[in-house]
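**Student:** Now for the letters of each chain:
There are 2 protein chains.
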Amino acid sequence: MKYPNGKQYSSAGKSPGTNFSQGYSNRGMTLEEDINATNTFYLDTDRAVIHKKPTPVQIVNVNYPKRSAAVITEAYFKQASTTDYNGIYRNKYIDFEAKETKNKTRFPLANIHEHQIAHMKSVIHHGGISFLIIRFAVYNKTYYIPAESFFPYWDQQFKKDGKKSIPYETITNEGYLIPFHYQARVNYLAIIDKLYF
Amino acid sequence: MKYPNGKQYSSAGKSPGTNFSQGYSNRGMTLEEDINATNTFYLDTDRAVIHKKPTPVQIVNVNYPKRSAAVITEAYFKQASTTDYNGIYRNKYIDFEAKETKNKTRFPLANIHEHQIAHMKSVIHHGGISFLIIRFAVYNKTYYIPAESFFPYWDQQFKKDGKKSIPYETITNEGYLIPFHYQARVNYLAIIDKLYF
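Going down the list, the sequences are from chains D and P.
The opening position of the first sequence corresponds to residue 1 in the UniProt record's numbering, with each subsequent residue numbered one higher.
The opening position of the second sequence corresponds to residue 1 in the UniProt record's numbering, with each subsequent residue numbered one higher.
One thing to keep in mind: the hints can contain errors.
With a cut-off of at most 20 Å between alpha-carbon atoms, the simulated EDC-like pairs for lysine to aspartate or glutamate come out as follows [to be verified]:
| id | chain 1 | residue 1 | chain 2 | residue 2 |
| --- | --- | --- | --- | --- |
| 1 | P | 121 | D | 46 |
| 2 | P | 99 | P | 155 |
| 3 | D | 121 | P | 46 |
Simulated from the structure, these hints should not be mistaken for lab results.
Sequences and hints are given; from them, build the entire structure.
**Tutor:** Right under this line is the structure:
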């Protein structure tokens, strides 16, 4: 295992590396960078308070040099026990996971973990709003999938002949295309407004 | 600087070290350990979905050895931009910070950061429930302080002759003693039930 999502680690915004070569209309930002920028815009304009949780790390060794910052010298990536983003919007608890795929025809369910699904089910049970943001990088299309619509596709994979992925067409039918806005690059609150208010 | 809160890092639950010598009636657990156990109990009994956010870490260098897990070999503690705990309870967004002090007479305001106060003010503005959990370790008493009650004490410190701490007596008057429960060691939902439902 490398990083829990299977990708090599790259420090956000610091070394975008190959991302610039993907030809996004929105200047080669990753989905995570776009969502972070969106959340900052929501916060600055007092629309919502939604943050990405820090990457969970198991710290094994720390050095405390004199007169300088503590240095973590040995640590490992841990698998997250919840989704990556949560917060509050219009009195409602908001909770979601975001995934980008380079696949052209389907979203592989292996991108999501069982405990994240369990978490999203709990959130809905307690009255929160939960969803997935899925970007198909090759089309540069980003969809909002209500968690309630996602669960049946998740659950069916464990049945006989269950499918391990969701076709792109299903995503476009069950999901909502998230509009791009210059400052809210992944303007998902527009979908929440439409669905819940 | 060491850890943002000024303390040396200790891996929760792994090496409790000196904590066991503090003579808590609740078996020498730190406040963080008690709250984590409480949140796990709430989750297991389906009462609430509240988690501690991971410690924010700035990752600088990662090694990817063949056939084994990625190792972070250089990283630094970052200051959190929000509070440590959030989640959902009875349809409400819940957001709080927890601090333990060894001080016998007062709670030093330096334990909290300006951006955490700004965050708590935003949370309340958007309809969430925000508070502080403050433990006076020497008395083994843990209090729930509504954020709204805390703000005036925070704000006055910047005025002329402002006090940089809150007296213990004020905490006991403005706050609510959190009951200890065998499985919910810091049973703060009992206070939320009383105040909001």
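**Student:** A separate judgement is required for each hint: does it hold in the structure or not?
**Tutor:** Hint-by-hint comparison with the structure:
no. : hint         : result
1   : P:121 - D:46 : 11 Å, holds
2   : P:99 - P:155 : 19 Å, holds
3   : D:121 - P:46 : 11 Å, holds
When each numbered hint is compared with the structure, no violation occurs for any of them.
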